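Undergrad: Sequence:
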Amino acid sequence: MFFINYLDRTAIGFASPNGMNDDLGLSAAQFGFASGVFFIGYILLEVPSNLALHRFGARRWLARIMVSWGIVALLFTWVQNFEQLIGLRFLLGVAEAGFFPGAILFLSLWVPAQYRGRILMLFYLAQPLTTVIGAPLAGALIQQHGTFFGLEGWRFMFMGVALPAIIVGVIAWFYLKDKPSDAKWLTAEEQTWLTGALEAERAATGAEQKHVSARFAFSSGRVWMLSFIYFGFIYGLYSLAFFLPTIIEGFQAQSGVTYDVVQKGLITAIPYLPAAIVMYFWSRDAGKRGLKTWHIAAPAIAGAVSIPLALFAGSPAATIAVITITACAIFAALPNFWTLPTQFLTGVAAAAGVALINTIGNLAGFSAPYITGAVHDWTGGYEIPMFIVGGFMLLSAVLMVVLSRQRTNAPVLVEEVAS
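Mapping of the sequence shown onto this note's numbering: residues 1 to 419, in sequence order.
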């Protein structure tokens, strides 16, 4: 589900240099705005959607989200102008709102804390693998120009990546279970152990749902600090996701070599395969040692330094190598980051807190592509936009260090609630 989710929201990045910008007459700033407006709709309904998931159950709500966004994503096949593109991107954000934090919350209801980092890492593997597999797949679909229904290749690509969301959403309705006690594939002993472990964990935090409201999440300084840390990582992630295909397009003029659509897709995928491998071993190390501040801060610093350096690499191969370091840094940090909120939030507070963090973080999903495109149009290059990306990632590293010092002296949750 996460694989399809990320592919559908970033498909516009594959369509952009492969006919969509020319057919719709888009400038870099217009493309950046269309890419980012998705997150306005997403942000508006993020917290309400996650609270609805907590009320109605993951099975119904996640399935509803998938079918809704699949229908909207399918409509991109027939978009005719910039205004329609903006409208559909906004609606796609509305339809997808709540999926990612809902999935994080869902996993926290199933997996005890000692295993959660490992499980979140496996879940997060879908994101880099979306590009490893999805970029060549998108290239292959784009090559079917005029083959099916006379559609341009980029339009057929939108159709090809939208239909799986509807299909998998229907499957999820019947397959997902809201809690371990509903799972027929667990034995009675396994259900008892898992339910008991999760209940004991909630009791140990002193944070039963009846004692903690959603208001706590909005008033918690730690929640807001985590939100701003996440902002920096997402700024870097979507700057890469939306503009890397365009940067690769520029390699052709730089090197005098022409790439076909599938070759561009394969080049786009190069940074993400090492990123998936690094994420696996980095998260495994965090699980063995226990999560440390540097498991999140060090990748943020590596990303902050590497992404501006990519502009001065001097060759396409060197540029991709440096961008690979950036991708590895971002994906090494993200699954470890998401173990933090559920360490001190449970129940409805967890639903609200995780959604709030994702909401503030995803403001970067709007601002990153728009600022990158607008500054590129203003300056004629990607130098300043990439230094901005590096600055936000450096800010994430600094805030993570500050947060770790605050956590050392922080009172336990039940005392915070009492106060």
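The set of hints was computed from the structure by calculation and includes no laboratory data.
Just so you know, not all the hints are guaranteed correct.
As the list claims (entries may be wrong) - Pair ranges (Cβ atoms, derived):
| no. | residue 1 | residue 2 | range |
| --- | --- | --- | --- |
| 1 | 384 | 257 | 24 to 30 Å |
| 2 | 256 | 60 | 51 to 57 Å |
| 3 | 258 | 195 | 55 to 61 Å |
| 4 | 384 | 83 | 51 to 57 Å |
| 5 | 289 | 27 | 32 to 38 Å |
What the hints assert, rightly or not - List time: in silico DSBU-like cross-link candidates among lysine-lysine, alpha-carbon distance up to 35 Å:
| no. | residue 1 | residue 2 |
| --- | --- | --- |
| 6 | 288 | 184 |
| 7 | 179 | 292 |
| 8 | 177 | 292 |
| 9 | 177 | 288 |
| 10 | 288 | 179 |
Remember, predicted model here, so these are calculated numbers, not experimental data.
No residue lacks a Cβ here, since even glycine has one placed at the ideal position from N, Cα and C.
Undergrad: Determine for every hint whether it applies to the structure shown.
TA: Now the hints, each set against the structure:
Our hint of 24 to 30 Å for residue 384 and residue 257 holds, since their Cβ atoms are close to 27 Å apart. Residue 256 and residue 60 have their C-beta atoms about 55 Å apart, which keeps the hinted 51 to 57 Å range intact. One distance hint, 55 to 61 Å for the beta-carbon pair residue 258 and residue 195, holds here, with the actual separation near 59 Å. At roughly 29 Å, the beta carbons of residue 384 and residue 83 sit outside the given window of 51 to 57 Å.
Under the hint 32 to 38 Å, the C-beta atoms of residue 289 and residue 27, about 48 Å apart, miss the expected range. Of the supplied pair hints, the one linking residue 288 and residue 184 holds, its CA atoms being roughly 31 Å apart against a limit of 35 Å. Distance hint between residue 179 and residue 292 is fulfilled; the C-alpha atoms sit about 30 Å from each other, no more than 35 Å. Restraint check for residue 177 and residue 292: the C-alpha separation of about 33 Å stays at or below 35 Å, so the hint holds.
For the hint linking residue 177 to residue 288, the alpha-carbon distance of about 30 Å falls within 35 Å, and the restraint holds. A threshold of 35 Å between alpha carbons decides the hint, and for residue 288 with residue 179 the separation of about 27 Å falls inside it, so the pair holds.
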